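Novice: Chains as they are written, first to last, in my numbering: chain A, 139 to 541; chain B, 80 to 199.
None of these hints come from the bench; they were simulated from the model.
Among these hints, one or two may not hold up.
[What the hints assert, rightly or not] Some residues of chain B that are not near chain A, with every Cβ distance over 12 Å (derived): (1) 86; (2) 95; (3) 143; (4) 182.
[Said to hold, decoys possible] Straight-line C-alpha distance at most 30 Å; calculated DSS-like pairs for lysine-lysine: (5) B:87 - A:470; (6) A:148 - B:87; (7) A:470 - A:451; (8) B:184 - A:470; (9) A:418 - A:333.
Nothing here was measured: the structure is a model prediction, and the numbers come from that model.
Yeah, the Cβ is synthetic: ideal placement off N, Cα and C, and Gly gets one too.
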Amino acid sequence: MDTTPSEVRKLNFDDYSTAKHLDHAAQQARVRNYQDFLIVDVDAHHYENESYQEVFKYIESPVIRRDIIDSSSRPGRSAMLNSSVGNQNLGGRITRANLRRLQKVPQDGRHRDVAMTIEWMDSLGVDYACMFPTPMLFLGLHPQVEIEVALCRAYNRWLCERILAVEPRLISMLYIPFNDPEAAYRTVKDFGDKKGVVGFMVTSPRYKPVHDNAYMKTYALLEELGKPISFHAAYSWEDRALQMTNRFISVHSLGFMWFNMIHMTNWVINGLPERFPKLKVLWIESGLTWAYTLMQRLDHSYMMRTSDCPSLKRKPSEYMREMYYSSQPMEKPDDNSILEATFKMIKADTQLLWSSDYPHWDFDTPGVIYDLPFLGETAKRNILGANAARVFNLDTKVVKKIP
Amino acid sequence: MAEWFVAKASDLPDGDRRIVNAGNNEIGVFHHGGTYYAYSNYCVHSGGPACEGILINQVVDLIAPDRTYQGQAFSDEMHFVCPWHGYEYDIATGQCIGDRKLKLKKFEVVRRGDDIYVVA
């Protein structure tokens, strides 16, 4: 047998490069010709805590600013910011979570956050990414509403000035401090016209019903601005029902659907789609099966109990089918016909927006959509980018540089 | 088929591994427990670098004879883990732990003197 010279790599866990970590994603991007069309990631993350020392300087209250800066020097005890118990990184099995701090970025004047984000976007084949925070996803559960308001405002200012203003490939739906309805309204008013702000986002784990009258003027303002509202899912192991689960897989699988199922139910049953017919609503990171289930469940009960929801002029599923859904984490049943039925149920061709959730542990590549056998090329391109460009009024020029 | 050079045996101690580009194949070659194993480096899930993550023993639930749960432990079965999403593989077979019907493509490893080759 012939012996052939080969290229051999040693593995080095003392070094890390996003481009190397995602080399196989870049291979997929080249083979599938992602360079030929627009890909928009409607749910991507950074670790804003890595920039907290910058963010904290934007906190307007000198008292809260001092308390938070002081407490940040002793993480894990007496911290002013809440987090959540969890095992996102699978006991170190998701290596990028720990190794990313070793990443070297070009010293070209860009913020480290921007340089690292653009690197993974190019590897995945993404042109534009909608950035969301990571630890702040749990901020809606903070016992002090004024802390949510203060940190949210500081983060939004930092994000707009330091990230969105300088990198046109990054956009965001800004965090709304939903536990304070007046501050929520002020956030939309103050930031609605900032560069790169394509909408506003409510972190779903919280205990404020979306149909409270206090929010109507915020929804009206969003509708007037033409900016979508989104509900970004997360879990909470502090939730009374979810406290019964004993493994992360359980609280994560249920939690990311649970809060959005409640908010969606309240949104539809209280007739908000009738009150705000032009307001675009986007549901993020709950996957797809929850919507498939809830549509059937609500329709079934609605036909018997129309008097419970007299604002509705159509079945709940018809309103839900006019909303938008991010794709990740896209459940992939063994039987593709089940997934195809889910796509049909939510009218995926026009309402589904691909998302990666990168760099989180259960991220999706564009291949989860591009490789589906039941989608035509137009539908694939709609879901991967064109739908999002329409919802967010984005430039459709392809700008990525796949390595 | 050809034999692709992996490493000098003396440079590949037990517990170490190499990633070999062998034509159209990208192969992870492990030296574990005195045996060499070689598998495709493309995860069955979404094509991640399956052989480039950590090695970790299988986690098992400890269930007593009365069927009560008594905690968890590591077994002797060694796994390697795709670093993208955590798919685990049995290093002895290449089977995916979540569904053992799924396997990474396995390659033969040969030793000639002090030289280790993978056949692909």
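Novice: So, against the hints stated earlier in the document, which numbers end up violated here?
Specialist: Result: hints 1, 2, 5 and 7 break, sorted rising.
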